[in-house]
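Participant: The lines below spell out each chain.
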Amino acid sequence: MITKIRVCISFLSVLLFFNCKNKLFNTKEELLSYLSNEETGYAQHKTVNGYDFTLSYRPTDLLVTQEIEGNEITEDMVEGLRYKYKNYLYFNLSISRNNQELLSTVPKDRMEFGAMVNDLAFGMRDKVNLFTKSKDTIDMIDFVYPRMYGMSRATTMMFVFPREGGHLNEDFLNFTVEDIGLFTGEVKFKVYTDIIKNEPQLSFKN
Amino acid sequence: MNKLSFWAAVIAIVISISTFLFVNPSSKQVYVDVNKLIDGYKRTKVVRADFEKKAKSLNANVDSLMTDWQNELKIYEKERSKMSTKELELKQELLGNKQQQINNYQQAIQKQIQEEDKKATQTIVNDINDYVKEYGKKHKYTIILGASGSGNIMYANEDADLTKVVLEGLNTEFEGK
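In order, the protein sequences belong to chains V and G.
Quick note on the working numbering: the first sequence kicks off at 394 and runs consecutively.
Quick note on the working numbering: the second sequence kicks off at 4 and runs consecutively.
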């Protein structure tokens, strides 16, 4: 009887170990496809007042592969870049209406256009917040808004926050976007920390 | 053999009933009272207070401009008998223009207040929508109806009303507990 219980416990431990292990992907495309699946929790989508909001988490290896693209991959290089990016959390936020960028669809005149460019380029630090379940704010390190001049289907910005162990011990983080003149109110996304702790990786093998 | 069939039938019935009651409670028709959620949600008070503060400060600007203008008008009425026709015309034009400017400003402020109100309300609605959606998914409900008191749900049993439990959860989450 005791042997049977031991076997069961060992089996469950092995199962648990494999479940908790980070998922490994061979190519960037496979990883991107996995991340874009809302079921995984890495991408979340919301529509408020006709505006589509998509928040996607960008794991460390995605940034690593972006930097080494086109170069010969060495283990040292990968480890060096993983070390460089591992202390930060990267999120992409896309906002669109009718599959168009905000600047192509929201401003009604030149003044509104200028104000929105200003908000997107410089004001998002005050509009986007990341805080824990117990309302502990994680200060934004930086954000970037690349102008696409109407060539993209959404206005996409990347936000960088420090990856602090303490914050990741809570169940989830709240990512909020205050109203940027779209009458959407504050839009909130819950990012569960277990998906960040067990983020998928790339194998980086040639 | 007959006894065996009887017990098999009893077990089948028990399993069916438990499945219906415990495994899939989601098929129940349930609802939340949206107005009660908005009123009872603690963030509503916070957002409303912020909005009222903002609206008060915007209205205060208009009020002070109006007071200035009224004082100017009083002075004009007091001194008009001493003014020449040309002076009277100029002063009237000046006061008229000023009144027009204040009216335009007041309209712009009212528009801004309405916009702020809309944003504040939408924030509350977003929070409620998010929570109800999450609650529904977690408890595997197929549908959660939103009653707004305008007759879309005419009758529902008390058991079908999730308002209290959703409101408690919503407030707990807002308080960060």
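Some hints could be false.
Computed, partial: chain G to chain V, Cβ under 7 Å [unchecked claim]:
| no. | residue |
| --- | --- |
| 1 | Lys31 |
| 2 | Ser84 |
| 3 | Thr88 |
| 4 | Lys121 |
| 5 | Asn129 |
| 6 | Gly179 |
No farther apart than 25 Å at their CA atoms in a straight line, the calculated lysine-lysine pairs in the DSS-like style are these [as the list claims (entries may be wrong)]:
| no. | chain 1 | residue 1 | chain 2 | residue 2 |
| --- | --- | --- | --- | --- |
| 7 | G | Lys101 | G | Lys85 |
| 8 | V | Lys501 | G | Lys121 |
| 9 | V | Lys590 | G | Lys140 |
| 10 | G | Lys81 | V | Lys581 |
| 11 | G | Lys180 | G | Lys141 |
| 12 | G | Lys56 | G | Lys81 |
| 13 | V | Lys581 | G | Lys141 |
| 14 | V | Lys528 | G | Lys57 |
| 15 | V | Lys583 | G | Lys81 |
| 16 | G | Lys143 | G | Lys31 |
| 17 | V | Lys590 | V | Lys528 |
| 18 | G | Lys180 | V | Lys526 |
| 19 | V | Lys528 | G | Lys180 |
| 20 | V | Lys598 | V | Lys421 |
| 21 | V | Lys598 | V | Lys477 |
| 22 | V | Lys526 | V | Lys439 |
| 23 | V | Lys520 | G | Lys81 |
| 24 | G | Lys31 | V | Lys581 |
| 25 | G | Lys121 | G | Lys136 |
| 26 | G | Lys121 | V | Lys581 |
| 27 | G | Lys140 | G | Lys39 |
| 28 | V | Lys439 | G | Lys143 |
| 29 | G | Lys167 | G | Lys48 |
| 30 | G | Lys121 | V | Lys520 |
| 31 | G | Lys59 | G | Lys101 |
| 32 | V | Lys590 | V | Lys526 |
| 33 | V | Lys581 | G | Lys45 |
| 34 | V | Lys528 | G | Lys85 |
| 35 | V | Lys583 | V | Lys520 |
| 36 | V | Lys528 | V | Lys477 |
| 37 | V | Lys520 | G | Lys143 |
| 38 | V | Lys528 | G | Lys167 |
| 39 | V | Lys526 | G | Lys136 |
| 40 | V | Lys501 | G | Lys114 |
Hints are computed from structural coordinates only; laboratory data are not their basis.
Cβ coordinates follow ideal geometry from the N, Cα and C atoms, glycine included.
Participant: If a hint holds in the structure, say so; if it doesn't, say that too.
Facilitator: Checked hints:
1. Lys31: violated, 25 Å
2. Ser84: The hint is violated - serine 84 (chain G) has no Cβ within 7 Å of chain V, the shortest such distance being about 46 Å.
3. Thr88: violated, 42 Å
4. Lys121: holds, 5 Å
5. Asn129: Hint holds; asparagine 129 (chain G) Cβ to chain V Cβ min 5 Å, cut 7 Å.
6. Gly179: Holds: closest Cβ of chain V sits about 4 Å from glycine 179 (chain G), inside 7 Å.
7. G:Lys101 x G:Lys85: Measuring from Cα to Cα gives roughly 22 Å; hence the hint holds.
8. V:Lys501 x G:Lys121: holds, 19 Å
9. V:Lys590 x G:Lys140: holds, 23 Å
10. G:Lys81 x V:Lys581: violated, 59 Å
11. G:Lys180 x G:Lys141: Judged against 25 Å, a Cα distance of about 18 Å means the pair holds.
12. G:Lys56 x G:Lys81: Between lysine 56 (chain G) and lysine 81 (chain G) the Cα gap is close to 37 Å, so the pair fails against 25 Å, i.e. violated.
13. V:Lys581 x G:Lys141: Status holds; Cα separation ~18 Å.
14. V:Lys528 x G:Lys57: Roughly 24 Å separates the two Cα atoms, so the pair holds.
15. V:Lys583 x G:Lys81: violated, 65 Å
16. G:Lys143 x G:Lys31: Roughly 10 Å between the alpha carbons, so the hint for lysine 143 (chain G) and lysine 31 (chain G) holds.
17. V:Lys590 x V:Lys528: holds, 20 Å
18. G:Lys180 x V:Lys526: holds, 7 Å
19. V:Lys528 x G:Lys180: It holds: about 9 Å lies between the C-alpha atoms, which stays within 25 Å.
20. V:Lys598 x V:Lys421: Holds: lysine 598 (chain V) and lysine 421 (chain V) sit about 12 Å apart, inside 25 Å.
21. V:Lys598 x V:Lys477: holds, 20 Å
22. V:Lys526 x V:Lys439: holds, 20 Å
23. V:Lys520 x G:Lys81: violated, 52 Å
24. G:Lys31 x V:Lys581: violated, 29 Å
25. G:Lys121 x G:Lys136: Status holds; Cα separation ~22 Å.
26. G:Lys121 x V:Lys581: Holds. Lysine 121 (chain G) to lysine 581 (chain V) sits at ~17 Å (cutoff 25 Å).
27. G:Lys140 x G:Lys39: Since the Cα atoms of lysine 140 (chain G) and lysine 39 (chain G) sit roughly 21 Å apart, the hinted pair holds (cutoff 25 Å).
28. V:Lys439 x G:Lys143: Judged against 25 Å, a Cα distance of about 20 Å means the pair holds.
29. G:Lys167 x G:Lys48: holds, 18 Å
30. G:Lys121 x V:Lys520: holds, 17 Å
31. G:Lys59 x G:Lys101: holds, 22 Å
32. V:Lys590 x V:Lys526: holds, 16 Å
33. V:Lys581 x G:Lys45: Distance of about 17 Å is within 25 Å: holds.
34. V:Lys528 x G:Lys85: violated, 67 Å
35. V:Lys583 x V:Lys520: Given pair lysine 583 (chain V), lysine 520 (chain V) holds - Cα atoms ~16 Å apart, limit 25 Å.
36. V:Lys528 x V:Lys477: This hinted pair is violated, its Cα atoms lying about 28 Å apart.
37. V:Lys520 x G:Lys143: violated, 34 Å
38. V:Lys528 x G:Lys167: Holds. Lysine 528 (chain V) to lysine 167 (chain G) sits at ~24 Å (cutoff 25 Å).
39. V:Lys526 x G:Lys136: Holds, at roughly 18 Å.
40. V:Lys501 x G:Lys114: holds, 16 Å
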